[in-house]
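Between the sequences and the hints, there should be enough to build the whole structure, so can you do that?
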Amino acid sequence: MIRLILVRHGQSVADIEGKHEGRADFPLTELGVKQSEKLANYFSVYYGIDQIYCSPLMRAKQTAMIIGKKFMIEPEEVEELMEMDNGLLAGLTFKEAEEKFPITDQWKKIYYPLPGGESVIDFRMRIEKFWHKFKDKYLTYGQQKTICIVAHGGTISMLYKGILGLPIDTKFKVPTFDTGFHIFEITEEGIVLIKANCLEHLLMEKI
5 MIRLILVRHG QSVADIEGKH EGRADFPLTE LGVKQSEKLA NYFSVYYGID
55 QIYCSPLMRA KQTAMIIGKK FMIEPEEVEE LMEMDNGLLA GLTFKEAEEK
105 FPITDQWKKI YYPLPGGESV IDFRMRIEKF WHKFKDKYLT YGQQKTICIV
155 AHGGTISMLY KGILGLPIDT KFKVPTFDTG FHIFEITEEG IVLIKANCLE
205 HLLMEKI
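To convert, note that position 51 of the sequence shown is 55 in the numbering used here; the numbers rise steadily by one, no gaps.
All clues given are correct.
Distance windows between CB atoms, simulated: (1) H136 x T191: 17 to 25 Å; (2) F181 x K74: 15 to 23 Å; (3) V17 x G120: 16 to 24 Å; (4) L35 x I114: 32 to 40 Å; (5) K133 x K113: 16 to 24 Å.
Below 27 Å or equal to it, Euclidean Cα-Cα: the simulated DSS-like pairs (lysine-lysine) are: (6) K165 x K199; (7) K42 x K74; (8) K149 x K165; (9) K175 x K112; (10) K165 x K139.
No lab work stands behind these hints, which were simulated from the structure alone.
Virtual Cβ for every residue (Gly too), placed ideally from N, Cα, C.
So this is what it looks like as structure tokens:
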């Protein structure tokens, strides 16, 4: 059985500044670091982790490194796990983005890229590339491992579609709060979702 844990990074500077993240490389806030430390402690009590993959963007990488330190694992950075490329919106406040790039009907098309960025189709293809490589590596020889992936809200939603084989235009999004995590158990018999957007670690005083 493969236990797959999907983790969203902790609170970032962009979160408190009201800015679009995407490919803008914001670090964690002090709270984001504390959230990540609580998550690492929680995992050390309840789940062993054998491998960590992460987006190379700072907010995800910092979160992954905090988890990895607890397990003495060096996270492996994977380009395909980056957030959707939002092009010229990256780093702008929501107000600035609305003024400079007002939303049009074109933006709602899955084949139409954001200004200077990628389309939903581009994003899905990138995530599918990662997911198929993951399956080839871990799901072919009956391995027993727990794999942690630290990424972004959009990336996790798109991974859900890939894991569950949902069509690209399915109206399906998965909310994931700061350091929220999801757990899938994957066997030859199929895929079972065990936890979704779990935040237990933030509610436990002694963790």
